[in-house]
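Take the sequences, apply the hints, and build the full model.
Residue numbers (my numbering), protein chains in the order written: chain D, -1 to 309; chain E, -1 to 309.
You may find that some hints are simply not true.
Where chains are identical, the list cannot tell them apart; a pair therefore holds if satisfied intra-copy or between any two copies.
As the list claims (entries may be wrong) - In silico DSS-like pairs for lysine-lysine, Cα to Cα no more than 27 Å straight-line:
#1 K215 to K129
#2 K89 to K271
#3 K89 to K160
#4 K271 to K160
#5 K129 to K271
#6 K160 to K210
#7 K271 to K210
#8 K160 to K129
#9 K215 to K160
Simulated from the structure, these hints should not be mistaken for lab results.
Take a look at the letters that make up each chain.
Protein chains: 2
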Amino acid sequence: MTEPLFDKIALIGIGLIGSSLARVIRRENLAHEIAIATRSQDTLDRARELELGDIYTTDMAEGVRDADLVIVSVPVGSSGDVAEQIAPALKAGAIVTDVGSTKGSVIAQMAPFIPHGVHFIPGHPLAGTEKSGPDAGFADLFQNRWCIFTPLPDTDPQALEKLSEFWRRCGSNIDTMDPEHHDKVLAIVSHLPHIIAYNIVGTADDLQTVTKSEVIKYSASGFRDFTRLAASDPTMWRDVCLHNRDAILEMLARFSEDLAFLQRAIRWGDGDKLFDLFTRTRAVRRSIIEAGQEIDAPDFGRKSVETTPKK
Amino acid sequence: MTEPLFDKIALIGIGLIGSSLARVIRRENLAHEIAIATRSQDTLDRARELELGDIYTTDMAEGVRDADLVIVSVPVGSSGDVAEQIAPALKAGAIVTDVGSTKGSVIAQMAPFIPHGVHFIPGHPLAGTEKSGPDAGFADLFQNRWCIFTPLPDTDPQALEKLSEFWRRCGSNIDTMDPEHHDKVLAIVSHLPHIIAYNIVGTADDLQTVTKSEVIKYSASGFRDFTRLAASDPTMWRDVCLHNRDAILEMLARFSEDLAFLQRAIRWGDGDKLFDLFTRTRAVRRSIIEAGQEIDAPDFGRKSVETTPKK
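What follows is the structure in structure tokens.
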């Protein structure tokens, strides 16, 4: 077993991401000691029951004391508050990172509080499921996923390399880009898909001509795919929408423009336009499978839903 | 083993649905003889290599001769052509059904050609994957899925019961509704989700600020879910769009109206509206899981994508 990378790691927030980190840190022996800090006493108690760490506290400053690495895993709208609370207790030379889905806003909220001599390296592991809370985490969550850093101009290369090594040992591949570009990329690959999924599930839920029970009963014909993203954590996604507003609005405008074009092709019976689009999109999935970011099995390899015994 | 339900079943079209039927008919011993008819010689040759039937022909009329049950599994836009070709060869007392995703249009296309004394019972098994062609089929495709019949007013109850028994033995649950209602239900649970998926994948493919390789690389953060539906058969979906136009346009209008509302909430920073919607949609997925139409495992139970060996 290799030596731990850090003496003490502090996890601020212990939901899906934080608790997955706790598990992989333990499994890969990445720290001597794990401190867990979260605002909610119930969540903290649950983390303790799950034996996710060594130190448990609802006091953020207490949590980060003497930590060499601090990972903030909270909804992006809470980043500023957390930074303000932990700032006075941060150890000189410590690395502070986060896992937020928006980077421009997180930097604007956190950077002003980070003391000189502490390395603030904004990060974003592109990993998750529709589940949330400390029970939802698992050590393999980051396996073969990308972790994107958006380093500030004065970032210390050694600190960045150490944090990169940490994420590599968690199973991730590393990329860096500037925060503004990150927020545009995520707006299309993650934020727009979630918003569209939330929207279509809302539309179906509001219909009068088709009942809710019909929507649920017949959902396997396509609709249920969208319900996974639309079951994601509401607080997290409210904050993403509020904190990556401009990039999201731009992608929404493009989406709506394209949809108007498609709608017109349907209205006027332009089969060639439809066929062309439907052919082009098929190739995109093929590329994703070839890039190792999706499995090739039909229907996501979903196991058949359990059935009542056959007569 | 129970006695076969039918002496001879003719399968017109041998793609994902037709070839799944061939496999389950064999496994469950539902017919003495399976005839396969398809326009394309290549597809027919492949069906023969896969040993999906007993009789193989590119002549539709030849295929249905002496058949007790004829199942038409072709893109809905070809239904009328098929009906015209098979009509003269249909046996008195035979049952003719289809598997098309739109019912009003299929009935309008096929019913005029069906001779007196032949039972035409439009049907739609709500089952499929994003794969197509004779290799894509599997015997379990219909297991625990719904098969919806939209019987005509003069449908013979005994023929309907016999066809229902056939689908039950294929693993399906049976429902009946009128064609117009079917087309509305499917517009929201299936057609709109596919169209939205095609559209968002098209939007992502067209961007300049974010490259295609970035979209592919980071797709696991949400986008890749949509690529599954958007990889469905282009001919089938072109025809669905053209043949359920009014119901689809209505659902698209509602979707766009809701999206404008959501977009406005994002623009004006109305977090409460966003949180309310995102909470409500979570409950919909829970209901689908409880209804046995989806698995509860995170991320559709996707097995982690294979990774390069860890160092």
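Alpha-carbon proximity between K271 and K160, which holds within one copy, between copies, both or neither at 27 Å: Neither: 51 Å inside a chain and 41 Å across chains, both beyond 27 Å.
Identical-chain pair category, K89 with K271, by Cα at 27 Å: neither (60 Å within a copy, 40 Å between copies)
Identical-chain pair category, K215 with K160, by Cα at 27 Å: between (50 Å within a copy, 24 Å between copies)
K129 and K271: within-copy, between-copy, both or neither at 27 Å Cα: For K129 and K271, the Cα distance is within 27 Å only across copies (21 Å; inside one copy 38 Å).
Homo-oligomer pair classification [K160, K89; C-alpha up to 27 Å]: Within one copy only: 17 Å inside a chain, 76 Å across chains, cut-off 27 Å.
Alpha-carbon proximity between K160 and K129, which holds within one copy, between copies, both or neither at 27 Å: neither (30 Å within a copy, 44 Å between copies)
Up to 27 Å CA-CA - K129 versus K215, copy category: Answer is both: 22 Å inside a copy and 23 Å across each meet the 27 Å cutoff.
Same-copy or cross-copy closeness of K271 to K210 [CA-CA at most 27 Å]: between (33 Å within a copy, 21 Å between copies)
Within, between, both or neither: K160, K210 at alpha-carbon 27 Å: neither (51 Å within a copy, 30 Å between copies)
Hint check: violations occur at hints 2, 4, 6 and 8; the rest are consistent with the structure.
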